[in-house]
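A.B. asks: Each protein sequence line maps, in turn, to chains L and U. Just so you know, full-length UniProt numbering puts 94 at position 94 of the first sequence, and the rest follows in order with no gaps. Just so you know, full-length UniProt numbering puts 95 at position 95 of the second sequence, and the rest follows in order with no gaps.
Source of the hints: derived by calculation from the structure; they are not laboratory data. Just so you know, these numbers come straight off a predicted model, no measurement behind them. No residue lacks a Cβ here, since even glycine has one placed at the ideal position from N, Cα and C. You can trust all of the hints, since none of them are fake.
Not everything, but these chain L residues come out facing chain U in the computed CB check (under 8 Å):
| # | residue |
| --- | --- |
| 1 | 74 |
| 2 | 84 |
| 3 | 91 |
| 4 | 93 |
| 5 | 106 |
| 6 | 108 |
| 7 | 112 |
| 8 | 118 |
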Amino acid sequence: MTDPILATHGLAKSFGALTATDDVSVELRPGEIHAIIGPNGAGKSTLIAQISGALRPDAGRVTLAGRDVTALATPARARAGLGRTFQISALAMEDTVLENAVLGAVGASGRPWRFWRPALRDADLRARAEDALARVGLAEHAAARCADLSHGQRRQLEVAVALTLRPRAFVMDEPMAGLGAEGSRQLTAFLDELRHEAPILLVEHDMDAVFALADRISVLVYGKIIATGTADEIRTSREVREAYLGDES
Amino acid sequence: MIPERLLNALILAGLLAVPLWALAADEPFTITLATRVVILALAAVGLNIALGIGGLVSLGHAAFFGIGGYAMGILAHHAQTYTALDLGLFTVSGTKSMPVIWLVATLASMLAALLIGLLSLRTSGVYFIMITLAFGQMFYYFAIGWAEYGGEDGLSIYLRNSFPGLNTLVPIHFFGLCFAVLCLALFLHARLAASPFGLALNAARQVPGRAEAVGLDPKRLKLLAFVVSGAITGLAGALFADLNRFVSPTMFSWHFSGEIMVLVILGGTARVMGPVAGAALYVALEHWLGGLTDYWIIFLGAILLLIVLFARGGIVGMLSGRRQAGD
Numbered sequence: 001m002t003d004p005i006l007a008t009h010g011l012a013k014s015f016g017a018l019t020a021t022d023d024v025s026v027e028l029r030p031g032e033i034h035a036i037i038g039p040n041g042a043g044k045s046t047l048i049a050q051i052s053g054a055l056r057p058d059a060g061r062v063t064l065a066g067r068d069v070t071a072l073a074t075p076a077r078a079r080a081g082l083g084r085t086f087q088i089s090a091l092a093m094e095d096t097v098l099e100n101a102v103l104g105a106v107g108a109s110g111r112p113w114r115f116w117r118p119a120l121r122d123a124d125l126r127a128r129a130e131d132a133l134a135r136v137g138l139a140e141h142a143a144a145r146c147a148d149l150s151h152g153q154r155r156q157l158e159v160a161v162a163l164t165l166r167p168r169a170f171v172m173d174e175p176m177a178g179l180g181a182e183g184s185r186q187l188t189a190f191l192d193e194l195r196h197e198a199p200i201l202l203v204e205h206d207m208d209a210v211f212a213l214a215d216r217i218s219v220l221v222y223g224k225i226i227a228t229g230t231a232d233e234i235r236t237s238r239e240v241r242e243a244y245l246g247d248e249s
Numbered sequence: 001m002i003p004e005r006l007l008n009a010l011i012l013a014g015l016l017a018v019p020l021w022a023l024a025a026d027e028p029f030t031i032t033l034a035t036r037v038v039i040l041a042l043a044a045v046g047l048n049i050a051l052g053i054g055g056l057v058s059l060g061h062a063a064f065f066g067i068g069g070y071a072m073g074i075l076a077h078h079a080q081t082y083t084a085l086d087l088g089l090f091t092v093s094g095t096k097s098m099p100v101i102w103l104v105a106t107l108a109s110m111l112a113a114l115l116i117g118l119l120s121l122r123t124s125g126v127y128f129i130m131i132t133l134a135f136g137q138m139f140y141y142f143a144i145g146w147a148e149y150g151g152e153d154g155l156s157i158y159l160r161n162s163f164p165g166l167n168t169l170v171p172i173h174f175f176g177l178c179f180a181v182l183c184l185a186l187f188l189h190a191r192l193a194a195s196p197f198g199l200a201l202n203a204a205r206q207v208p209g210r211a212e213a214v215g216l217d218p219k220r221l222k223l224l225a226f227v228v229s230g231a232i233t234g235l236a237g238a239l240f241a242d243l244n245r246f247v248s249p250t251m252f253s254w255h256f257s258g259e260i261m262v263l264v265i266l267g268g269t270a271r272v273m274g275p276v277a278g279a280a281l282y283v284a285l286e287h288w289l290g291g292l293t294d295y296w297i298i299f300l301g302a303i304l305l306l307i308v309l310f311a312r313g314g315i316v317g318m319l320s321g322r323r324q325a326g327d
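Can you build the whole structure from these sequences, using the hints too?
C.D. replies: What follows is the structure, given as structure tokens:
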């Protein structure tokens, strides 16, 4: 079996008496979309926070391309190749779409200390940003202010900023959140292709998207992974049905 | 509505025209007033980099202003008394040379900003305001107790310091010098704001989580902004001391930190020319209204209130019709 690009090994985190993640081990292999599903409060956000570096686990490790990144803070993990998108769009609302994408390129360049040449006139930064915008279909909105974008466009920009990093692995927190049927369909098609560039750890509530996209699915309930398998295995697992999917599925 | 670039040029031209008119009309006091505008604007340009781009609400910038002032005061004091300045390991003589004083003032302010920033940036929001205020007050009380350099009474410098090729005692010469320094600082602000660093700092202010997610460290970005900011305000302090030929602990007082923050907000936070517009309005009101009533500050308060409530972009934002800097 190929080595995983991103993996957690026995991650645990408690807040007082509440165990938010309990011995969570997931692997993200090259070229795959690995979806994490689970009911509200199952610990998905805590897991994402531990993978991205916002939260330190009480126990366990996170590895990225074979390297232990558990001790690294969020910016260092991003530079090591982790590209994440946020559940609630985290964009510089006062800035333009292009500036938001260039920000990603500045981060990826590792040289944010240059203070003399205008960022938007730097051909490399700009090319990287424009390329990412074109790929998500925002090229003609490059000059728009982020605050003036529709919700769906903000979701697209969220993905574009992650693209500018050219990461080794994506961690996407509900990228479909709030998208209409058409938007979800487009993003589903896009992620389907994107997995070949870098694998995607996908936390998502949109079950149609999850079952259409995921090579493997892990089910998180009360902080524990209760099952990991292909879409069919998860769909037919009695344990998962009882814990999460309900009988109607 | 006036395009912001044109408006910026008009503000600078106006600031240059007033003392030139005063020169022709033989009104040296007006030139001194204009110089005061320029130096206060320079101090506020410094704050604007931390406050406007970086979102760092510092109520301790008087510390840098005072450090710049005392750098000038101490060096010039030793020069005019022909005494050596004992630095512990070695002694140096004082100097009356502005370029040397400016260098010392800038470096000392940068060092202070680095230390204050390292400690203050562990906090944010109202705690950041309070801790910067506390640092400013530490310097204030230290200066009051510093008997060697005049304590509460401060230091008087008999002759303005010198700059090669200029007679700094001629008001228009000194104005021109300060104006040139201000233009350089404004140019630095404009370049910095549009640079990768400015973009990153701006994002660190608006969405720190996003900045981190693309591999940027908001704290380090803000620390550098704070150091650059402190350096410019410190340089303004050295010029201010030279304008008055007097340094006292009041340069360190928190009133001054509040005053330059008012200048930035009046003129337009994060706008390149905001501090200049703010300082011009402030000094004009202080002069004209101050001549009519001792309570002029009430009118300033009312204007500030109106601007904060109805014109968030300050004077520059109001006249250029743009809500936010850089849109």
